[in-house]
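Colleague: Generate coordinates for the entire structure from the input sequences, incorporating the hints supplied.
2 protein chains.
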Amino acid sequence: MAFELLSEHASFGGVQRFHRHDSTEIGLPMRFALYLPPGGERAAKGLLVFLAGLTCTEETFTMKAGAQRKAAELGLALLMPDTSPRGEAVSVLPGATASWDFGIAAGFYLDATQAPWATHWRMESYLMKELVPQVQAVLGLDAARTGIAGHSMGGHGALTLALRHPGTFASVSAIAPIAAPSRCPWGVKAFTGYLGEDRDAWPAHDASALMQAQARVPYPGGLLVDQGLADKFLVEQLYPEALESACAAIGQPLTLRRHDGYDHGYYFIASVIDDHLAHHARQFAG
Amino acid sequence: MAFELLSEHASFGGVQRFHRHDSTEIGLPMRFALYLPPGGERAAKGLLVFLAGLTCTEETFTMKAGAQRKAAELGLALLMPDTSPRGEAVSVLPGATASWDFGIAAGFYLDATQAPWATHWRMESYLMKELVPQVQAVLGLDAARTGIAGHSMGGHGALTLALRHPGTFASVSAIAPIAAPSRCPWGVKAFTGYLGEDRDAWPAHDASALMQAQARVPYPGGLLVDQGLADKFLVEQLYPEALESACAAIGQPLTLRRHDGYDHGYYFIASVIDDHLAHHARQFAG
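Going down the list, the protein sequences come from chains A and B.
Numbering-wise, our numbering comes out as the position in the first sequence, counting from 1, plus 5.
Numbering-wise, our numbering comes out as the position in the second sequence, counting from 1, plus 5.
No lab work stands behind these hints, which were simulated from the structure alone.
Where a beta carbon is used, it is the ideal one built from N, C-alpha and C, also for glycine.
Fair warning: there could be bad hints in the mix.
Once the Cα atoms are required to be at most 25 Å apart in a straight line, the calculated DSS-like pairs of lysine-lysine come out as [claimed, not checked]:
#: 1; chain 1: A; residue 1: Lys237; chain 2: A; residue 2: Lys134
#: 2; chain 1: B; residue 1: Lys69; chain 2: B; residue 2: Lys237
#: 3; chain 1: B; residue 1: Lys237; chain 2: A; residue 2: Lys69
#: 4; chain 1: A; residue 1: Lys69; chain 2: A; residue 2: Lys50
#: 5; chain 1: B; residue 1: Lys69; chain 2: A; residue 2: Lys69
#: 6; chain 1: B; residue 1: Lys134; chain 2: B; residue 2: Lys50
#: 7; chain 1: B; residue 1: Lys69; chain 2: B; residue 2: Lys50
#: 8; chain 1: B; residue 1: Lys50; chain 2: A; residue 2: Lys237
#: 9; chain 1: B; residue 1: Lys237; chain 2: B; residue 2: Lys194
Covered stretches of chain A, going by a simulated chain B footprint (3 or more residues, C-beta under 8 Å) [unchecked claim]:
#: 10; segment: 8 to 18
#: 11; segment: 153 to 166
#: 12; segment: 268 to 274
Modeller: Laid out in structure tokens, this is it:
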């Protein structure tokens, strides 16, 4: 394959790999992590793409979520992309590193339309036209066996990419997603910077707005969303109730689980990740 | 309790806490992590002390090993100490930060006898006289329900503390331990610096030498040791065969599992940690 192998680690009978490749869409080298269950590339019964949140790299979920155990058991491959372009070419851009919620490690899984971001901040095209299809080809898996999930900014990414690209994923789930970015500070900052001040461009990248606008139920098998109630970002940034209303409005089945005492971090993610893997495996099994 | 709470995170129905306390033995504040299974302090059926390896903090195993899931299931509390004294008072000592295998984050779980380390590098006394008894008191658990395990330098620590303090632990296990430090570069460097050039002082802190010298079988319930065969430190640093020989010589039951393809890192630890928790839970159950 065209992926440079940076390192690999045996894990639960499978292998956890870290790769680098030259991305045409991003115009820079990108890193990602790929877990293969026991048996390797052609043994995977399905592929789950997991998008991480602000400040994360391809290593964060890979290292902290403990997802490989259940993935091995279910025969799932896991694809963990990075969260933005990186490197000297982009870290010199004004504003690229000034804050943890914009620029580097804050790509929001969309294609920026505004300078200077439009050149390299093309995470949506990178994932949808390049990385996911290339990994699917390696694994010999199609959309019926590919799901997408994510945490926080990555939950936003999973929901919006799944709604913007019908037929590409068999299943969707999210953990503490930014469910209505048009109305929260993280989203307003990102959308203003990447998409511009004209708010007409924003609903196309807002999971709740996208859901509300669906003509038919996009995921009849249901969405799974987990949210901790001790999450310090819940009230100001996440708006799960907006997604809940939008799903109810169009009849999209949604299992939204609210968990007393759980926060926004990886101890929460680890506590629910097995259920997400099982959710996707069920959809792949039809 | 006398432990300052730095943070806590709900985790698998229990809680992952990070604490700081003033250590009398170390003479400095120390940090540690404590996982409580569902039900809290008084619900724990046993306590497993897990000692981490070189370069680690109290957060490393806590964050990367994925141990909380099985600990919750088995009702075990987990205690993750730090790996050395830290802070400005000790980082200014000559040699404290110059290398990753000596000084800060490399306490080797012993009491140093050599200047300048003897003042603060008292990890054995810290653990055995202070932290472990204090946590046992909080949990209402005695030695019959306390086990010790560790990885690499922490595997050395678990084995040596268990052999040097009979009756303190019901069970012992290790993952890729430094099993014969007197003869490997890591151990020779640490023992020379902390214990001095006189090698007569070394066997008392060398797991294989200690085992060989036991008058009777110290752990009739058996030891569990896991070792990856793709571990880049195996040949030069770890010497599991020395421990194997010593156990055979005195009749100590040992399950030493050699795993093809696994390396020295946390992807290996995560892959076997459930078996270690189950091993200790079995000993606690009698």
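Colleague: Take the hints in turn and mark each one as holding or not.
Modeller: Do the hints match the structure? See the list:
1. Taking the CA atoms of Lys237(A) and Lys134(A), the gap is near 35 Å; set against the 25 Å cutoff, the hint is violated.
2. Distance hint between Lys69(B) and Lys237(B) is fulfilled; the C-alpha atoms sit about 20 Å from each other, no more than 25 Å.
3. Between Lys237(B) and Lys69(A) the CA atoms are separated by roughly 23 Å; this keeps the pair inside 25 Å, and the hint holds.
4. Between Lys69(A) and Lys50(A) the alpha-carbon distance is near 23 Å, which keeps this suggested pair within the 25 Å criterion.
5. Restraint check for Lys69(B) and Lys69(A): the C-alpha separation of about 5 Å stays at or below 25 Å, so the hint holds.
6. For the hint pairing Lys134(B) with Lys50(B), the CA-to-CA distance comes to about 22 Å; that is within 25 Å, so the pair holds.
7. Among the hinted pairs, Lys69(B) with Lys50(B) is consistent with the structure: their alpha-carbon atoms are about 23 Å apart, no more than 25 Å.
8. For the proposed pair Lys50(B) and Lys237(A), the alpha carbon gap of about 32 Å is over 25 Å, so the pair is violated.
9. This hinted pair checks out: Lys237(B) and Lys194(B) have alpha carbons roughly 19 Å apart, not beyond 25 Å.
10. Proximity of the segment 8 to 18 of chain A to chain B, defined as three or more residues with a beta carbon under 8 Å from a beta carbon of that chain, is established by the 5 residues found.
11. A count of 0 residues in the segment 153 to 166 of chain A with a Cβ less than 8 Å from any Cβ of chain B is obtained; the coverage claim is therefore unmet, three being the minimum.
12. For the segment 268 to 274 of chain A, the assignment as covered by chain B holds, since 5 residues bring a beta-carbon within under 8 Å of that chain's beta-carbons and 3 suffice.
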